[in-house]
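Which chain is which? The protein sequence lines are Y and P, in order. Using the numbering used here, you'd call the opening residue of the first sequence number 1 and step up by one each time. Using the numbering used here, you'd call the opening residue of the second sequence number 1 and step up by one each time.
Bear in mind the hints are in silico, worked out from the structure with no lab data behind them. Beta carbons: idealized from backbone N, C-alpha and C, even for Gly.
Derived DMTMM-like pairs (lysine to aspartate or glutamate); straight-line CA-CA distance at most 25 Å:
1. P/Lys38 - Y/Glu24
2. P/Lys173 - Y/Asp216
3. P/Lys162 - P/Glu140
4. P/Lys173 - P/Glu140
5. P/Lys162 - Y/Glu227
6. P/Lys173 - P/Glu160
7. P/Lys172 - Y/Asp216
8. P/Lys173 - P/Asp106
9. P/Lys162 - Y/Asp216
10. P/Lys44 - Y/Glu24
11. P/Lys162 - Y/Glu228
12. P/Lys172 - P/Glu160
13. P/Lys173 - P/Asp114
14. P/Lys172 - P/Glu140
15. P/Lys172 - P/Asp114
16. P/Lys172 - P/Asp106
Using C-beta positions, here's what the derived DEER-type ranges look like:
17. P/Leu54 - Y/Pro70: 20 to 30 Å
18. P/Gly107 - Y/Val143: 50 to 60 Å
19. Y/Gly59 - P/Gly107: 27 to 37 Å
20. Y/Val89 - P/Lys172: 42 to 52 Å
Here are some chain P residues the structure puts well away from chain Y; computed CB gaps all over 10 Å:
21. Ala175
22. Asp179
23. Arg181
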Amino acid sequence: MTRSRLARIERFYGALGRVFALFETPRNPRLFALFRMAFFGGLALHFAPSLLFLEENYGPGVVRAQRWNPWLFEHLHDVPPWLLRLAAVSTLAALVMGFTGLRPRLASCVSLLGLYTFTSFNALAVQTLALGCAWGVLPLFCVCRGASAALSVDAAYRQRKGAPALPAPSVLANLVLWHVLLTFFAAGVEKLLWGWPLNNEMAMLFSTPRGWILRDWAWSLSLCRREEVTLLLSWVTVATELLVPLLLLIRRTRLVALVIYESMFLGIIAMIEVPPLFFTTFAAGALLILDERDLRGFLAHLRWPWRARH
Amino acid sequence: MARPETGAQCSKKSVRRGTCAIVCRGAGSGLVVDSLRKLERNVKRRRVLLLCWLALSLAGALNHILSAGRVGGPALDLSLPHLASGHAMFVRIPRTVHVHSYLTPDGQHRPLTDLVRTQGLLYGRARLETNLALHPALLEQICQRHFRASGRATTFLTEEYKLNFHPERPYKKAALVCDERGLSPSRPPS
Chain Y
1 MTRSRLARIE
11 RFYGALGRVF
21 ALFETPRNPR
31 LFALFRMAFF
41 GGLALHFAPS
51 LLFLEENYGP
61 GVVRAQRWNP
71 WLFEHLHDVP
81 PWLLRLAAVS
91 TLAALVMGFT
101 GLRPRLASCV
111 SLLGLYTFTS
121 FNALAVQTLA
131 LGCAWGVLPL
141 FCVCRGASAA
151 LSVDAAYRQR
161 KGAPALPAPS
171 VLANLVLWHV
181 LLTFFAAGVE
191 KLLWGWPLNN
201 EMAMLFSTPR
211 GWILRDWAWS
221 LSLCRREEVT
231 LLLSWVTVAT
241 ELLVPLLLLI
251 RRTRLVALVI
261 YESMFLGIIA
271 MIEVPPLFFT
281 TFAAGALLIL
291 DERDLRGFLA
301 HLRWPWRARH
Chain P
1 MARPETGAQC
11 SKKSVRRGTC
21 AIVCRGAGSG
31 LVVDSLRKLE
41 RNVKRRRVLL
51 LCWLALSLAG
61 ALNHILSAGR
71 VGGPALDLSL
81 PHLASGHAMF
91 VRIPRTVHVH
101 SYLTPDGQHR
111 PLTDLVRTQG
121 LLYGRARLET
131 NLALHPALLE
141 QICQRHFRAS
151 GRATTFLTEE
161 YKLNFHPERP
171 YKKAALVCDE
181 RGLSPSRPPS
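Next up, chain Y with everything else stripped away, as it sits in the complex:
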């Protein structure tokens, strides 16, 4: 009985396991901890102003916009202010818990509930560009384990108690990675369908007036208004969005692709006024592609002084 069952499990792991292994391989817990902190830190930065000054966006008589849940939009204006305050404090506390890795599953559920409620109540206080990814990643944190395997309060507590270490994130980390890269790739396909790179949409971006979306230093770069430069930037953007997710999957091209990817997001946040959450989610999310072998090679490449000494 047991042997036949064992054989079945072996087969299960053997054939189907190879297909699923892509999403079940444990990822580096420290890199995931970096993503967790970047993600929850980005969420806290994104929402803190509107949650701290509640009456500005959620008080009686304010201009509101409906973007997410219509039922919540209709029904929340009757909620007493003390309850709203309690919800805001709980949400912010949950974000801090997520950042520090204290019960991250509970923290994610409370964060998701709170943030979705507040954005449904009034979508004006927060820009929506970055939120699509947040709604995708937070449920994963709620459902999957492994978010607090390293650099977290939970891990430190277990270590102090002498309990065995928490398992490294596998499904969670891989699905986050999938979510980030799919979004990035789909954005490239969408641009292609809108006529990029031939329509030179970048020229439009760099002809926007000062104080609209470009940062002041980027707006003052006259070089970026030249047609050949904006056309080149359009080509580079589309090529990066379409090719980099694929190149990241190949070990030999991974490091170069990652450098291009991170440079692109650094360029975006440096030149364009976008929410920091957008940057933290995407820039830290792609780092999860690095496995132990990549990291060893990468660190050896860097030849850090402390490594040389040892």
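Using the hints provided, position chain P relative to the given structure of chain Y.
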């Protein structure tokens, strides 16, 4: 998930939870069979979650890409919030944009976002301009709050730019006086 290892030591608690990669000592006992079932169930549950998640995210990406107005495909309402607008990244810049500012008592132009308490960190101007483009009534609210806080009339300036037509200078200018009556038109400054 680790593969089952023969002879691994499992505590009863970990077997009960199905978290231990089994087979424990005393193979063939009811405990082992039970925990193997749990192991299988856990793996299946995880894989169902995986498949659902992957299928949904692919459907969301395709739906968004092929939705109406782009290549004429049908736009499905997938209901889930993360599939609503997750893949749009600066696909198209609007051709007409507005920039809002106000005049300080000493006559200097300052961005309107200075008057908003809950401005976004590191992207305050872009957030305010987007919000004002989608909901112009917000300008009146900013005026009322500012007047309540400062008690003095202020001039709000709106510059309209056509990006296809001399984007380097404003196409239209408007000035509004913000006082106790709210916003009212005024002559734009030269």
